[in-house]
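Q: Heads up: the protein sequence lines correspond to chains Y and G, in order.
With the working numbering as the guide, the letters of the first sequence map in order to residues 13 to 330.
With the working numbering as the guide, the letters of the second sequence map in order to residues 26 to 355.
Wrong hints could be hidden among the right ones.
The calculated PhoX-like cross-link candidates involving lysine-lysine, where the alpha carbons are at most 20 Å apart (straight line), are [said to hold, decoys possible]:
| id | chain 1 | residue 1 | chain 2 | residue 2 |
| --- | --- | --- | --- | --- |
| 1 | Y | K91 | Y | K101 |
| 2 | G | K305 | Y | K265 |
| 3 | Y | K207 | Y | K97 |
| 4 | G | K234 | Y | K273 |
| 5 | G | K161 | G | K140 |
| 6 | Y | K214 | Y | K101 |
| 7 | Y | K181 | Y | K136 |
| 8 | G | K284 | Y | K269 |
| 9 | G | K233 | Y | K273 |
| 10 | Y | K269 | G | K227 |
Footprint (simulated), chain G over chain Y, 3 or more residues, beta carbon under 8 Å [what the hints assert, rightly or not]:
| id | region |
| --- | --- |
| 11 | 217-228 |
| 12 | 263-272 |
Since the hints were derived computationally from the structure, they do not count as laboratory data.
Yeah, the Cβ is synthetic: ideal placement off N, Cα and C, and Gly gets one too.
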Amino acid sequence: MSLLRVNNLRVVFETPYGQVKAVDGVSFEIERGEVVGLVGESGSGKSTLGLSIMKLLPPNARILSGQVIYNGVDLLRLKEDELRKIRGKEISMIFQDPMTTLNPTMRVGEHIAEALMYHYNMDKEEAWRIAKEVLESVGIPAERAMDYPHQMSGGMRQRVMIATAIALKPKLIIADEPTSALDVIVQDHILELLKDLRDRNKASIILITHDLSVTADIADRVLIMYAGRILEVGTVEHIYYHPHHPYTQGLLKSIPKLGSKSELYIIPGSPPDMTNPPSGCRFHPRCPYARGICMKEAPPLVKVEKGHLVACWLYIER
Amino acid sequence: MRPLVEVEDLKKYFPVERSFIERILSRKRRYVKAVDGITFAIRRGEVFALAGESGCGKTTTAYLIVRLLEPTSGRIVFNGRDITHEPERSLRRWYRRRVQIIFQDPYASLNPRMKVGEAIAHPLEIHGIAEGKEKKEMVLDMLRKVGLTPPELFYNKYPHELSGGQRQRVAIARALILRPELVVADEPTSALDVSIRSQILKLLLELKKELNLTYLYITHDLATAYYIADRIAVMYLGKIVELGSVEDVLENPLHPYTKALLSAIPIPDPRMSRTRRRVKIPGEPPNPINPPTGCRFHPRCPWATKLCAVEEPELREVSPGHYVACHMLK
Chain Y
13 MSLLRVNNLR
23 VVFETPYGQV
33 KAVDGVSFEI
43 ERGEVVGLVG
53 ESGSGKSTLG
63 LSIMKLLPPN
73 ARILSGQVIY
83 NGVDLLRLKE
93 DELRKIRGKE
103 ISMIFQDPMT
113 TLNPTMRVGE
123 HIAEALMYHY
133 NMDKEEAWRI
143 AKEVLESVGI
153 PAERAMDYPH
163 QMSGGMRQRV
173 MIATAIALKP
183 KLIIADEPTS
193 ALDVIVQDHI
203 LELLKDLRDR
213 NKASIILITH
223 DLSVTADIAD
233 RVLIMYAGRI
243 LEVGTVEHIY
253 YHPHHPYTQG
263 LLKSIPKLGS
273 KSELYIIPGS
283 PPDMTNPPSG
293 CRFHPRCPYA
303 RGICMKEAPP
313 LVKVEKGHLV
323 ACWLYIER
Chain G
26 MRPLVEVEDL
36 KKYFPVERSF
46 IERILSRKRR
56 YVKAVDGITF
66 AIRRGEVFAL
76 AGESGCGKTT
86 TAYLIVRLLE
96 PTSGRIVFNG
106 RDITHEPERS
116 LRRWYRRRVQ
126 IIFQDPYASL
136 NPRMKVGEAI
146 AHPLEIHGIA
156 EGKEKKEMVL
166 DMLRKVGLTP
176 PELFYNKYPH
186 ELSGGQRQRV
196 AIARALILRP
206 ELVVADEPTS
216 ALDVSIRSQI
226 LKLLLELKKE
236 LNLTYLYITH
246 DLATAYYIAD
256 RIAVMYLGKI
266 VELGSVEDVL
276 ENPLHPYTKA
286 LLSAIPIPDP
296 RMSRTRRRVK
306 IPGEPPNPIN
316 PPTGCRFHPR
326 CPWATKLCAV
336 EEPELREVSP
346 GHYVACHMLK
């Protein structure tokens, strides 16, 4: 049985410009110890999807339908106090910017100790001892546990975020652009840390990113999202060496690669305005293969080989 | 031929604000040594990339060359003329027309109350180059050049009606309307969506050819630098550690920092990414207020010796056109 299963999730935002279908019928699952990359550009719905799993959506968001099954329980039906027992302990989250997620008035060790005291009824001394251990496990010397977030560098703050996220040994970690604000060398350190976490704690990780290079390094499977929908799902082998969807193919050909000066592919146009998304397949206005049906009807996600699904009319016989 | 831009031992120190108590105790002012003695030249018609991590001084260098900042010391020579301390009034007469800048974030660099046409026309008015119908024609022509067609439609739009990629095209049009010789592009694709980045890179290369431009391209992304640039300088903590053609520096890096940087950049290829050999370095760049003695990289360097902690290495030519600042390369 999968650790987490998302079934046909639909989330909308009510905005002054109308309703935005941020997540529009998304289904996927994640196995124990698996790293799934959720890749998309701005407005693809990748972050909303991550927040929906934890039911941390802003007030103007509404979940229209769908299920998030974790250990046989639909998280979307749980009450706030039941959810609180799962957040942090079973499923935790790492955000892009640690400066806005860490409390500036709390010592970094306190972030962790507090969670231990809440979830395990630990006494203060015990909680601080473990907090220091967890900080050391992510490469922060125990004596820095008394620092405030502003006394640390960006990379160290992100390590603190990770330490807070893993302190309770959650089975699932949702990391939303955890390295996008960091320089490449620090990014590399953080990715190593996430890999280590997967190996040591057998944790599953949903890695949300705009960067196909990051998922290439760490993911087992990749979901390509566009305008609220999944366009392609597969193992890294499928996605990087046999991409089927024109969007995936285009993205991969448009990234500059070291050692290559050959001309980059260009995906024309821009990601759609989500208050007024295109009809049919939402990628059709930018797709070189678009034809009549693409404008009228959204293609279903169909299997092209085992574990490899694509939502594109090119692969559907009619 | 003389290079378009010559930079000699350029320095920029920013004073650190002292607290009230420090001032009472008349504690000595401290400085962030953002750029601390760099020398390089930009050849006419080339794309010269300045690369490095945040805080290395690459953007400060860009601002010094555009003279949005005044250097602390050193020299900047443009077309044979020293502009290091040239006063603003004189800069405006000639330099500002010939050197333009494109900023990273097109959401911040465009005035939200100015229509696209007005924003692009603004430099023409400031420099009294054209007015009326002629001015509008020039703007429409520029809009066409940057791919915002039909230009009449975009002329009357406001920035909020445009996507990120379209805004960056407006910023490019505004920079190029004066037909500058040098364009400084400060991470022009970093704030854009992945599918838009290649559009902007391609546009920059096309415009360079069409308008005979020279680019100083500031970036933290070495793969993009490889794609767009002819030569590159890698900076670390206010210093250039390696300089040369992109082929030399990025295919055959010699400085341990360049090696580490290169081996940390993620590559969109799972097999390569998971099997390549890495040069690992610990930690993060130290505080530029008190940079390490000797070679600034020595506390993190896998090769460091006693000499490195004492003596600062010079940028030396190790093969024709390839310069490295490292004691270990003799």
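Q: Taking the hints in turn, state whether each one holds.
A: Hint-by-hint comparison with the structure:
| no. | hint | in the structure |
| --- | --- | --- |
| 1 | Y/K91 x Y/K101 | holds, 16 Å |
| 2 | G/K305 x Y/K265 | violated, 29 Å |
| 3 | Y/K207 x Y/K97 | violated, 26 Å |
| 4 | G/K234 x Y/K273 | holds, 16 Å |
| 5 | G/K161 x G/K140 | holds, 13 Å |
| 6 | Y/K214 x Y/K101 | holds, 15 Å |
| 7 | Y/K181 x Y/K136 | holds, 19 Å |
| 8 | G/K284 x Y/K269 | holds, 16 Å |
| 9 | G/K233 x Y/K273 | holds, 16 Å |
| 10 | Y/K269 x G/K227 | holds, 14 Å |
| 11 | 217-228 | holds (count 6) |
| 12 | 263-272 | holds (count 9) |
Checked against the numbered hints given earlier, this structure breaks hints 2 and 3; the rest are met.
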